[in-house]
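Here the protein sequences come in this chain order: Y and A.
If you read the first sequence in the working numbering, its first letter stands for residue 1, the second for the next number, and so on.
If you read the second sequence in the working numbering, its first letter stands for residue 1, the second for the next number, and so on.
Don't read these hints as lab results, they were simulated from the structure.
A quick note: this is a predicted structure, and the numbers were derived from the prediction, not measured.
Don't take each hint at face value.
Copies of the same chain are indistinguishable here, so a pair counts whether it falls within one copy or spans any two.
Below, in silico cross-link-like pairs of lysine-lysine (DSS-like), each with a Cα-Cα straight-line distance of 25 Å or less [claimed, not checked]:
{"id": "1", "residue 1": "K286", "residue 2": "K210"}
{"id": "2", "residue 1": "K286", "residue 2": "K170"}
{"id": "3", "residue 1": "K88", "residue 2": "K286"}
{"id": "4", "residue 1": "K35", "residue 2": "K266"}
{"id": "5", "residue 1": "K266", "residue 2": "K215"}
{"id": "6", "residue 1": "K170", "residue 2": "K35"}
{"id": "7", "residue 1": "K266", "residue 2": "K210"}
{"id": "8", "residue 1": "K170", "residue 2": "K277"}
{"id": "9", "residue 1": "K286", "residue 2": "K35"}
{"id": "10", "residue 1": "K88", "residue 2": "K277"}
Protein chains: 2
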Amino acid sequence: METYVPFLVNHWRTVGLISVSIAAGVALGQLNQTKGRTVNRNQQVHSNIVVKPVKSESANEQVDEVKDDDQQFPEDQEVLPIVFQYEKPSEVDSIRRSEEFYLRMNQRRSVREISSDPVALEVIENIIKTGGTSPSGAHTEPWTFVVVSNLEMKQQIRQIIEAEEEINYKQRMGDVWVQDLQPVGTTWVKEYLTEAPWLILIFKQVHGFKQNGQKKIHYYNEISVSIATGFLLAAIQEAGLVTVTTTPLNCGPSIRVLLNRPVNEKLLLLLPVGYPKVGATVPDFKRKPLYDIMVHYQ
Amino acid sequence: METYVPFLVNHWRTVGLISVSIAAGVALGQLNQTKGRTVNRNQQVHSNIVVKPVKSESANEQVDEVKDDDQQFPEDQEVLPIVFQYEKPSEVDSIRRSEEFYLRMNQRRSVREISSDPVALEVIENIIKTGGTSPSGAHTEPWTFVVVSNLEMKQQIRQIIEAEEEINYKQRMGDVWVQDLQPVGTTWVKEYLTEAPWLILIFKQVHGFKQNGQKKIHYYNEISVSIATGFLLAAIQEAGLVTVTTTPLNCGPSIRVLLNRPVNEKLLLLLPVGYPKVGATVPDFKRKPLYDIMVHYQ
């Protein structure tokens, strides 16, 4: 019999009291490090260990005893309850704020024609930080966001993806299909991969590591990282930038090696991020009306 | 060889021109239906067909020929390009807006002590609509949000989940564990399932239906619905409400039947939504610093 597994652990209070705690409050020594790690592409070329596995650098590793298969309660750390800081809005404010946010998000579209105009690192950092506020299964935060502004690296990523796409066009789609495409000029070429000032490559950490080096399962890691991507996409929209959500699944292993990510990380999504080109177009899609996506038991 | 599969279809422009189009713009007749479908619990009790499968009501079904296993291009519908409506912010604005959004999202916490104070339906509708602005694989929008304010229905959901949790406590956790919990009073009881004014049950549509009734695969449906959940959680935060993200996976089938959802829909997440109780507490978690979640190739 499977059990009800809380996405965020149910029993934290109990857990705290019996001296078993969820991985948290453990990176205190690093809290003043508000910048992401940077990798100089030239360094990277000459060394394979410039980028270390995220988990091996994380203080979270210090508290890794798994108490229960479904509910990972690391030991040696007490997480005590604190009063939730909160100010209740009026109903009118709730309605207004939720409507305004909807209207802003509803203007989001996936845009493939991305300008090469630069975007400040600070904006990208705010976007990644927002992704990092997402909830995650047992507070494992199983995500790594690799941001690439280095042109050479973008070119190599583009090369990997376009090589796969060329096979797709030439071998999988069939002659008729490819012939149909020729007059339109659509090919396997993906300009945005080098034109966009930033690529964000989102990795899920399919497992972590215990203190003794053994694997620590990350439950719901794909759901967690996808939810975090929702926060991240909302943040891109709030910043006035655009992206297109892509899933280069078959390219994952090559890109993981290129970016020197450890084997416990799998590429989930790739987002080219920037401003849209002037006159950029999008397909005239409509979204499903509320009637089609919501059912209310009243 | 697998192929590079775009999360949002790559070739929409081409697709439009060769008269093959992505499911979209097809629900135009329903666009003025801005309310969710409502189900009166008493009606529901006496009839098994008050709630019809979402897909069978969706006009999307009318355009369902699958052209390619990986890229579902329904026919009979042209999606022409339109100019993307956009106003470029200044860099200062981008930085400010992205920081403000981060700060708002960073105040989000998973809260389990939810007040029974009522929350306006309009707020919930705005939240669901925001979830519906999320991108999805091939624009399939494979989500159904069931919102429950009906007390009897909440009680039945609670009964299903607590029954599973009781088995969890009594059979899986062991005597010592349960004994340890007794003085703390933590049990399998989940008050928030009936106390919260709203439950949002998020279903993924693992497949849709073609016009001829055959299954139409929804690629990336779990990733898509999880991303949409990220938008939805951000909207809950913007509205000044709280929730806790739970995954009652083993309860899915029973709850699906209770809510009269079709078999192509699987329960992914359950969110109790409302205001926090006065003095509600949360575990004193810290989030990983930017250094731990972001790697920059510059």
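Intra- versus inter-copy proximity for K35 and K286 (alpha-carbon distance at most 25 Å): between (39 Å within a copy, 16 Å between copies)
Within, between, both or neither: K266, K215 at alpha-carbon 25 Å: within (15 Å within a copy, 29 Å between copies)
25 Å Cα threshold - placement of K170 relative to K286: neither (32 Å within a copy, 50 Å between copies)
Intra- versus inter-subunit Cα pairing at 25 Å for K266 with K210: Answer is within; shortest intra-copy Cα gap is 19 Å, inter-copy 33 Å.
Homomeric proximity label, K35 with K266: Cα distance no greater than 25 Å: within (23 Å within a copy, 40 Å between copies)
Identical-chain pair category, K170 with K277, by Cα at 25 Å: neither (29 Å within a copy, 60 Å between copies)
Copy assignment of K170 with K35, given that the CA separation must stay at most 25 Å: neither (43 Å within a copy, 46 Å between copies)
K286 and K210: within-copy, between-copy, both or neither at 25 Å Cα: between (47 Å within a copy, 19 Å between copies)
Alpha-carbon proximity context of K88 and K277, limit 25 Å: Between. Shortest inter-copy distance 10 Å satisfies the 25 Å Cα cut-off; intra-copy 41 Å does not.
Same-copy or cross-copy closeness of K88 to K286 [CA-CA at most 25 Å]: between (35 Å within a copy, 23 Å between copies)
Hint compliance for this structure: hints 2, 6, 8 are not met, and every other hint is.
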